[in-house]
Amino acid sequence: DGGITQSPKYLFRKEGQNVTLSCEQNLNHDAMYWYRQDPGQGLRLIYYSQIVNDFQKGDIAEGYSVSREKKESFPLTVTSAQKNPTAFYLCASSPWEPTSTDTQYFGPGTRLTVL
Amino acid sequence: DQQVKQNSPSLSVQEGRISILNCDYTNSMFDYFLWYKKYPAEGPTFLISISSIKDKNEDGRFTVFLNKSAKHLSLHIVPSQPGDSAVYFCAAKYYNQGGKLIFGQGTELSVKP
Numbered sequence: 213d214g215g216i217t218q219s220p221k222y223l224f225r226k227e228g229q230n231v232t233l234s235c236e237q238n239l240n241h242d243a244m245y246w247y248r249q250d251p252g253q254g255l256r257l258i259y260y261s262q263i264v265n266d267f268q269k270g271d272i273a274e275g276y277s278v279s280r281e282k283k284e285s286f287p288l289t290v291t292s293a294q295k296n297p298t299a300f301y302l303c304a305s306s307p308w309e310p311t312s313t314d315t316q317y318f319g320p321g322t323r324l325t326v327l
Numbered sequence: 022d023q024q025v026k027q028n029s030p031s032l033s034v035q036e037g038r039i040s041i042l043n044c045d046y047t048n049s050m051f052d053y054f055l056w057y058k059k060y061p062a063e064g065p066t067f068l069i070s071i072s073s074i075k076d077k078n079e080d081g082r083f084t085v086f087l088n089k090s091a092k093h094l095s096l097h098i099v100p101s102q103p104g105d106s107a108v109y110f111c112a113a114k115y116y117n118q119g120g121k122l123i124f125g126q127g128t129e130l131s132v133k134p
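Going down the list, the protein sequences come from chains V and X. When the letters of the first sequence are read in order and numbered with the working numbering, they come out as residues 213 to 327. When the letters of the second sequence are read in order and numbered with the working numbering, they come out as residues 22 to 134.
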């Protein structure tokens with residue numbers, strides 16, 4: 213089945229440690245995105261990538277880093293510089309044609325808790 | 022600055038009645054609007070969309086209305102069912118930024134039996 217996978221579902225880390233969240237898609241989509249969800253704040257864009265080896269900062273990129281070495285994969289690293297890392301993280305993908313009305317497809321999310 | 026706003030954090034409706042979820046936007050460069058539905062601890066799923074050149078789109082129990090002059094859209098669910106209880110996100114797309122979406126804060130809908 214085509215889709216987006218995120219692993220793990222739940223992740224616990226100690227304060228001060230970097231942690232990498234996985235996101236893989238087999239939809240052959242060009243673009244991939246990372247969001248975080250906090251109560252009452254909706255979905256806020258962290259980073260996005262239109263093509264391999266290229267990515268742009270979203271609205272809340274500070275304390276995060278990404279890479280896009282393969283079309284299928286877009287891992288997110290939450291660094292120790294992120295002040296409030298505990299959140300629900302969502303990965304999404306979509307086609308990237310300027311006239312496209314195709315939607316973003318989301319993975320199941322990863323709940324990160326920093327202790 | 023929040024370009025897509027959902028001013029009602031929650032909504033409670035009786036089963037069988039109509040649910041109306043509202044969304045306001047500020048940027049006239051948006052060319053497409055979407056609604057997503059999200060259950061707790063899951064990723065959002067696409068529900069329905071509307072192009073800026075239309076004022077209504079219907080899909081079964083779900084209808085989205087767009088009022089461009091007021092920069093307002095709404096999602097109507099008729100009749101509401103308990104399984105519709107979820108958080109609903111409104112999203113908008115710029116005409117020249119490919120698949121990138123701007124999301125509202127979400128409205129939590131509770132449909133009571």
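Treat the hints loosely; a few may be bogus.
[What the hints assert, rightly or not] Here are the simulated PhoX-like cross-link-like pairs (lysine-lysine), alpha carbons at most 20 Å apart as the crow flies: (1) X:Lys-133 x X:Lys-92; (2) X:Lys-133 x X:Lys-26; (3) V:Lys-226 x V:Lys-295; (4) X:Lys-58 x V:Lys-283; (5) V:Lys-269 x X:Lys-58.
[As the list claims (entries may be wrong)] Which chain X residues face chain V? A few, computed with CB under 7 Å, are given here: (6) Leu-55; (7) Pro-61; (8) Glu-63; (9) Gly-64; (10) Pro-65; (11) Phe-67; (12) Pro-100; (13) Leu-122; (14) Phe-124; (15) Gly-125; (16) Gly-127; (17) Ser-131.
[To be verified] Okay, the calculated bits of chain V under chain X, using three or more residues with CB under 8 Å as the criterion: (18) 245 to 257; (19) 315 to 322.
Read the hints as simulated data drawn from the structure, not as lab findings. C-beta: ideal position from N, C-alpha, C; glycine also.
Verification of the hints:
1. X:Lys-133 x X:Lys-92: violated (30 Å)
2. X:Lys-133 x X:Lys-26: violated (25 Å)
3. V:Lys-226 x V:Lys-295: holds (13 Å)
4. X:Lys-58 x V:Lys-283: With Cα atoms ~27 Å apart, Lys-58 of chain X and Lys-283 of chain V exceed 20 Å; violated.
5. V:Lys-269 x X:Lys-58: violated (25 Å)
6. Leu-55: For Leu-55 of chain X, the interface hint holds, since the closest Cβ of chain V sits about 6 Å away, which is under 7 Å.
7. Pro-61: violated (9 Å)
8. Glu-63: It holds, given that the least Cβ distance between Glu-63 of chain X and chain V is near 6 Å, below 7 Å.
9. Gly-64: holds (3 Å)
10. Pro-65: holds (5 Å)
11. Phe-67: holds (4 Å)
12. Pro-100: violated (25 Å)
13. Leu-122: With Cβ-Cβ at 6 Å, under 7 Å, it holds.
14. Phe-124: At about 4 Å, which falls below the 7 Å cut-off, the nearest Cβ of chain V leaves the hint on Phe-124 of chain X intact, so it holds.
15. Gly-125: At about 6 Å, which falls below the 7 Å cut-off, the nearest Cβ of chain V leaves the hint on Gly-125 of chain X intact, so it holds.
16. Gly-127: holds (5 Å)
17. Ser-131: Status violated, d = 16 Å.
18. 245 to 257: Since three or more residues must qualify, the claim that chain X covers the stretch 245 to 257 of chain V holds, with 8 doing so at under 8 Å.
19. 315 to 322: holds (count 7)
When held up to the earlier numbered hints, the structure conflicts with 1, 2, 4, 5, 7, 12 and 17 and fits the remainder.
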